[in-house]
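Use the sequences and the hints to build the structure in full.
Residue numbers (the working numbering), protein chains in the order written: chain A, 34 to 276; chain B, 34 to 276; chain C, 34 to 276; chain D, 34 to 276.
One should not assume that every hint holds.
Put simply, identical chains are the same to the list, so a pair is met inside one copy or across any two.
[Unchecked claim] EDC-like, lysine to aspartate or glutamate: derived pairs with alpha carbons at most 20 angstroms apart: (1) Lys-196 - Asp-141; (2) Lys-224 - Glu-268; (3) Lys-196 - Asp-255; (4) Lys-224 - Glu-83; (5) Lys-224 - Asp-200; (6) Lys-44 - Glu-136; (7) Lys-44 - Asp-100; (8) Lys-44 - Glu-83; (9) Lys-44 - Asp-99.
Worth flagging that the hints you see were computed from the coordinates, not collected in a lab.
There are 4 protein chains.
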Amino acid sequence: MDGLTAAGERKIAWAATWMPVLSMVRDRLREENSVAGRRIAVILPVDLAEAGAEVAVAFQGAMVHDDVAAGLAARGVSVFARRGSSPEEELGFFEQVLARRPEVVIDDRADVIRLAHTTHPEVLETLVGASEETTSGVVALRAMEADGTLNVPCIAANDARCKFLFDNRYGSGQSTISAVMDSTNLLVAGKRFVVVGYGWVGKGIARRARGLNARVVVCEVDPFAALEAFHDGFEVLPVAEAC
Amino acid sequence: MDGLTAAGERKIAWAATWMPVLSMVRDRLREENSVAGRRIAVILPVDLAEAGAEVAVAFQGAMVHDDVAAGLAARGVSVFARRGSSPEEELGFFEQVLARRPEVVIDDRADVIRLAHTTHPEVLETLVGASEETTSGVVALRAMEADGTLNVPCIAANDARCKFLFDNRYGSGQSTISAVMDSTNLLVAGKRFVVVGYGWVGKGIARRARGLNARVVVCEVDPFAALEAFHDGFEVLPVAEAC
Amino acid sequence: MDGLTAAGERKIAWAATWMPVLSMVRDRLREENSVAGRRIAVILPVDLAEAGAEVAVAFQGAMVHDDVAAGLAARGVSVFARRGSSPEEELGFFEQVLARRPEVVIDDRADVIRLAHTTHPEVLETLVGASEETTSGVVALRAMEADGTLNVPCIAANDARCKFLFDNRYGSGQSTISAVMDSTNLLVAGKRFVVVGYGWVGKGIARRARGLNARVVVCEVDPFAALEAFHDGFEVLPVAEAC
Amino acid sequence: MDGLTAAGERKIAWAATWMPVLSMVRDRLREENSVAGRRIAVILPVDLAEAGAEVAVAFQGAMVHDDVAAGLAARGVSVFARRGSSPEEELGFFEQVLARRPEVVIDDRADVIRLAHTTHPEVLETLVGASEETTSGVVALRAMEADGTLNVPCIAANDARCKFLFDNRYGSGQSTISAVMDSTNLLVAGKRFVVVGYGWVGKGIARRARGLNARVVVCEVDPFAALEAFHDGFEVLPVAEAC
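What follows is the structure, encoded as structure tokens:
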């Protein structure tokens, strides 16, 4: 095992120790033999390969860590991804995933599901179903459904309470703050921090920014959410006055 | 035991269950027999009577609960206090305490110590020492010391870390917020809350107000304390702009 | 105007200065002449009398301030309430309200609506509609609706976002903490504070208790809410282990 | 200007926009001509070169960003540092700095001041004074002073209120949390976070961890600081029970 793969393997193993529920799901799938031999396309990496599925993964260059990609490949996943890949390359990656005629697509931003409906309709013949992770992806798929152009059953993973109550608020809340700290290298304490939108993600960001002693201003057009922000102790202003 | 006394006794017993350190001190004093028979004047109620001292208590009308006063009397303390007493009555109470020629004065605001130095100098003949609880009282006594007019050794109880780190910040912090809530009957969440001064008391008030979701502004003339308030995430403004 | 009434009038006027939306509603009702002369029964005091309605108010003895009751009476409201009234007296108060044959009932805990359906069915002949404020009251009315025994249209005021997002979380959150402080006279900081249930009210209490530096434990049987409490940084335990 | 230097220059310029006080100091030094031509050794990078001094910088490999080092060199600073340098190399860097016979040493951890007192005593002949940044460095220098072995006047920069009230609490508080997030890639919310020591740094870490919804336990042997942690709402435990 080369150094890159070993580094990725360590990261994957580390993450797994903090994901007991995912491990339980994997063990159950393996025991029930329910995904063995199925062809699955994944846009976010998961444990399906270990449960016996033929898994192909593609993802956006900005989100790829090459060592993790190598580690996934070493676990038997077909990986189509490279750090810093261009949009053209990404399109190529998605097409390679579709060329494997997946029976299930686990999508993130609905890019692959939409490709299957536009330039690669032959994929729909064998596609049993799909799952979509993001708010924006679900919005797009709902629009297709309303137009009568959605031809495969989809699970709106985004709408699960375990998704939006947690991933959006705590996950995106922390990763946004962390990204701001890493990219600015500034002290958050005492800084004026403007959060535009007080949905689940905005709530998560605003509370964490305050938890690091920023002075937080919330901008929000929905009157109920704006009132919530106000009663949560934030200053509430129109964007034009806040920035 | 009449109803008032019984109510006071219940309150005193309730408070005692939350004061294990004070109980330990009382037990040690009793065991060592160190205050038995001493004449002590107290401006805040304590457990000395139970340790065998002859205790006389006086306090300001605004701080008196008549049932607690009755309860103290039932425990053998000489109590000179009445809810809603006038300043003239309070002066009379203090003088009655001094008439007992206390050997020790445990003061709160230095009123009694100062009386002993001005209109009742005969008390100083038998006064062994005094303790003062408040910041303002200690300031007054230090000024007397500098003038050479302080004629009794005093303990600046206020300067103990166990006093200013805790009583000022947590105690006054909470009781101020509680008083604002009780007297205004308003929701704190979303209110603009101006805290003038960011010393121990101000820090305690500001954090609690924020903990109840107020939007807190701090006014502070000391530049270090103002910078602290700023980095603690508060808006910092001159009083004229904050109010 | 006697002293009690004057004190109540001052409190009512004070509260009104903090209720701009209610004042706007009152002014619109008055302008549109939409409640003039209507007979309305109210279990929580509001501004309808000033908009021209014939308002009768009753409420539970524990929630009555006699001065406010006197102040309402001075404003032309028929008040049936007395501080410390017994349950029997309260029943009598409710019946006096119903005897006025209200066209509209604005209820709090659904006591009056239920009385109208059980022992005073004649009231239903002229009752146009009702509104219910509390979660528990709405649950009771929904059960009656399911049984086919609810004979008057009801507005579930409790289910308005402006109610449960704000009144429950911020209002009950603060008043619970305030009641604990007033009745125990203890420092909240450092105390172990157990909150049973992490709905809107529980969330409001837990955050405020933490905002006053308590160590908060949340008990919750719903797994999503328990996970929320956990990710909000609270210790989560079964009641049996928490207490 | 090569790419590395340009990247470093951008970072230095970015940091400067957030350091108005440092810019004011630099401008005053330049105006007063007070450091022009002086030989200064610096272990943390500052703006002295632009004020006309001959500045030599060395620092530990773990703290070096090669682009910033290149940017400093481009501004005329003599830089002795390389990302990932070994302790032996660092010793060499410090010696090169000392070989320039600095008149002033601005130290961080007192490494260079101690070297000048041990293996390079000739430097002391021309060394006018030194400044030390860290708590641990100041402790070491105080010990030397007590032993009579400190032969140069030192400023304990660490003891300035602007240092320990801010750098320790807010700066180290944030950078520690940020480092934990970056190195573990885990959600902080809901994690049990043990902070050993409740001094300025520990206070800063504990509050930020709680601000990100961790469940924080504080370990502290000083009883006053432990009581503070307790009243700040943290669980307080011996290390053996906390971990």
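Tell me the numbers of any earlier hints that the structure contravenes, in ascending order. 4, 6
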